[in-house]
Amino acid sequence: MADAKVIPFDDDRSRARRRPARAEGEAAAVRALPGPQQAPGESGKPGGPEGGSEASGAPSGPGAPGASGPGTAAGPEPGRGASGGSGWERRLASGLAFLRRRVTGEYEVDEFGYDEELTDQVLMSLLRPLYEKYFRVEVKGVENIPAKGGALIVANHSGTLPLDGLMMQVAVHDHHPAGRHLRLLAADLVFVLPVVNELARKAGHTLACAEDAERLLRAGEIVGVMPEGFKGIGKPFGERYKLQRFGRGGFVSTALRAGVPIVPCSIVGAEEIYPMLGNAKTLARVLGFPYFPLTPTFPWLGPLGALPLPTKWTIQFGEPIETDSYAPEAAEDPMLMFNLTDQVREQIQHTLYKLLVQRRSVFF
Amino acid sequence: MGKVVLVTGAARHLGGRFVRRIQRDPEVERVIAVDAVDPAHQLGAAEFVRADIRRPEIAKVLAEHDVDTVVHLDVTGTALGGGGRTSVKETNVIGTMQLLGACQKSPRIRRLVIKSSTSVYGSAPRDPAVFTETTAAKSLPSGGFAKDAVEVEGYVRGFARRRPDVAVCVLRFANILGPRIDSPLAEYLALPVLPTVLGYDPRLQFVHEDDVIDVLRLGAHEPRRSTQNSGTFNVAGDGVLLLSQCARRLGRPTVPVLLPAVTWVGTALRAVGITDFAPEQIRLLTHGRVVSTAQTREVLGFSPRYSTAEALDDFARSRGPGLLPPELLAGAVDRLSARLAPPAAHPTEASPLHHGA
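Protein chains in written order, with the working numbering: chain A, 1 to 364; chain B, 1 to 357.
Hints should not be assumed to be uniformly reliable.
[Said to hold, decoys possible] Here are the simulated lysine-lysine pairs, DSS-like style, with alpha carbons at most 30 Å apart:
no.: 1; chain 1: B; residue 1: K138; chain 2: A; residue 2: K231
no.: 2; chain 1: B; residue 1: K60; chain 2: B; residue 2: K138
no.: 3; chain 1: B; residue 1: K89; chain 2: B; residue 2: K105
no.: 4; chain 1: A; residue 1: K133; chain 2: A; residue 2: K242
no.: 5; chain 1: A; residue 1: K242; chain 2: A; residue 2: K354
no.: 6; chain 1: A; residue 1: K281; chain 2: B; residue 2: K60
[Said to hold, decoys possible] Here are a few chain A residues that face chain B, going by a calculated C-beta distance under 10 Å:
no.: 7; residue: F112
no.: 8; residue: V192
no.: 9; residue: F292
no.: 10; residue: G302
no.: 11; residue: T311
Source of the hints: derived by calculation from the structure; they are not laboratory data. Heads up, the beta-carbon is just placed ideally off N, CA and C, and yes, glycines get one too.
Construct the complete structure from the given sequences, taking the supplied hints into account.
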C-alpha cells in the first residue's frame, strides 16, 4: 500500500518541477530544462522516495492511521507553526499579539472580505481536526498547483454539505510548498444565509460568478470551483462518483480570459459522508433550499444524524491544463469551450475511477 | 476669460466647503452658490443666489451669470433643516430634471459634474463582490435615496446624449466620512452602541471629505494631461473594512439583532430621532458594498489621499472615544501578557475570544 501511495506522488513531483519553468520561459527552454532540473531533485533524496517526500512539505502527512508513526506525527506540526521545545512561550506571545490585533480591529481584509489572519489562525485550526483525524485526507499531486500566479482548480462536488470544498481548502493551505491559499467560489445560497455568509467571506470564499473569478485570477490567486454545483452535491447516493453536467463551462472561458492553467481535482470519499437516499422536495421548497436530504440517519436521529460518516478521503490534484496558448478571443468560441470543458471533466472522472480502484475500503 | 462655476446644494457642509475651495483656483473667475435655504456657513467671495432648483428660475440664474460649469451637489439622502422624504426626493429628482433642462437650453454650458453615490449598485447577496462602473446591479434599489440616485443618473445620461458638447462627469461616491459630515452612516457610526445584523458582517468603503472636494475640483476643471474627466467614476478610499472592524476601531460595542427585528429597531431609533435607518441603509449594513476604483485612477487620474481606514480614523478622532476605546482593550491585553509571560499559562486562554472575531 505504501508503494501505491508513493509512486503516483513522486511521478507528480517530477512533473511539477517542469511546470514553473514552462510558465516563465519560452517553449524552447522548456524542452531543455527538465532534465538537469530533475536530476538534483532525484539525487537530493537518496534515502528512498518515502523519506524524502514525508519530510518536505509533508504532502501525505496526515495520511492514513495505518501509516508509520513518525510520518503522522511530523505531518501536522509544520502546519501549526510550532517549533522547538519552548514553543508554547512563543505561541502564547503570538496568541496575545493576535488577540490584541483582533480586539483593536487592526487587521486587514481584502476587497472580497477575506481575513487571511483569521483564516490561518482560527478557521483552518477548526477544520484541521476534521481533516486530519476524522476524514484522514490523503493529498496527492499538490505540486500541480503552481507556486505563483493564478490557477483555477476544478473539482468534483459531492456529499450533501460542501465539506469537500473546505477540505480542499485545508489541503492546499497545509500542504502546498509555497503556502498558497485557495479561494473558493460558492453558490449564492451561501451568501444569503446568515452566519454562513460571514464565515465564508472571511475564509476567502466569494460568489461563483465570472466577475469575481476573473478578478481573483487576475490578482494571481488560486481559485477553486466546483462546476457541478447543486446537481453534484445533491445527487442521490446511487449516482455516486458519476460526474454531473459541468454547468455551461463558464469556468473554462474565465480561465482562458485570465490566461491561467486549469488544475483538475478529484475528491474521493466525500460521496459517502451523507448517503442521500431521498430528497424531501416539498420541504426543500418551503425552506428555500435546492434539496432536502434524507439519509439513513438524517433527519431521523435529529442533530446526531447530521454527523457525517467517517470515510477515508483522497484528494488528487491532476496535471494542469494550460490555457495560455489560446488567444483571448478563443473564450468566445463555444465549440472550443465545450471541448475543453469535456477534457477537464473526463480527466476528473478518469482519476476518480482510478482512485476508486485503488481504494481498499470506504472507511479505511 | 475665467470660468463661472455654479454650485448647487451650497447650504450643506460639503457644498459650502467646495464653494470656498473652488474660488481659490486660479482658472475660476466667479462662483455662484445656489440653495433653497440660506447657508449657515461663510461662502467667501462666492455669490449666493437663493433659488430652488425644483423651479424653472434656475434657468434664469444660469443665463444671468453666464455659467459655463455646473457642479450639482444637491443629490442627498437627508433633508436640510427638517422636511420629509418627499421633499428630499423632489429636490433630488425634480431638481435634477429642472437643472438639466436649464443646462440644455444654455449654450454656454461646457461642463457638468454630478455627485452620485455607489448606492446605485444596491446591496444584494447575489451581486459580484466588487462593482465596476459597468456592473449592472442584480436588484435595482427599490426606494429611498438609492433609487433617487439611479433616476438622477438616468436623466444625466439622457442629457449627455442630447448635449454631446458638454463634458459630463458622474462621480459615484462611497460613504463619505469626515470630521464634519452628517450623513446617515456617520450618524449611525456615532451611536454609542451599534446595532448590527446578526450573522452578517458587511464590507464597507469610505471616502474622506477632503478627497471628495479634490475629486469634484478635478471634474470641474479641464482634464489634466493624459486623463479624461467625462464619464462615470467610482470614488472610494483604498481598502475595505468590515463593520465589526469599524466598530472595534471606533471603540463602540455592537449589539447583533436578528434581521427581521432590525427594521423594528430602526423604526424605534427613527421615532426617537436618533438616526435615519432607511431600508437601503439596513441593506448596506447587511450585505455591504465594495466598488472598484481602477477607472478613477487610470482614466480620471485621481488617487484618494485617505484610505478607507484613514478616513474612519479621522472620523473617530472627531467624534471622541467610544465606550470601549481600542487603546483600553489593547492595554488590557498588554497587562494580561505581562502577567502571563513570566509564569506558565496555556495559549488556549485566548482562543474563546477568537471565535467572536
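Is it true that the CA of K281 of chain A sits at most 30 Å from the CA of K60 of chain B?
-> violated, 66 Å
Restraint status (C-alpha distance of K242 of chain A to K354 of chain A at most 30 Å) = holds, 13 Å
Taken at face value, is the distance from the CA of K138 of chain B to the CA of K60 of chain B at most 30 Å?
-> Given that 30 Å is the threshold and the Cα spacing comes to 41 Å, the pair is violated.
Holds or violated: K133 of chain A to K242 of chain A, with C-alpha atoms at most 30 Å apart = holds, 27 Å
Grab the minimum C-beta distance from T311 of chain A to chain B and call the hint holds if it beats 10 Å, violated otherwise.
-> Status violated, d = 27 Å.
If you draw a straight line from the CA of K89 of chain B to the CA of K105 of chain B, is it 30 Å or shorter?
-> The hint holds at about 24 Å.
Satisfaction of hint between K231 of chain A and K138 of chain B, Cα-Cα up to 30 Å = holds, 24 Å
Hold the hint about F292 of chain A up to the distance rule: shortest CB distance to chain B must be less than 10 Å.
-> violated, 21 Å
Using Cβ atoms only, decide whether V192 of chain A comes closer than 10 Å to chain B, and label the hint accordingly.
-> holds, 5 Å
Using 10 Å as the Cβ threshold, decide whether F112 of chain A counts as touching chain B.
-> Because about 5 Å separates F112 of chain A from the closest Cβ in chain B, which is inside the 10 Å limit, the hint holds.
Report holds or violated for the interface hint on G302 of chain A, using the least CB-CB distance to chain B and a cut-off of 10 Å.
-> Where the cut-off is 10 Å and the nearest Cβ of chain B is about 23 Å from G302 of chain A, the hint is violated.
Consistency with the previously given hints fails for numbers 2, 6, 9, 10, 11, ordered from lowest to highest.
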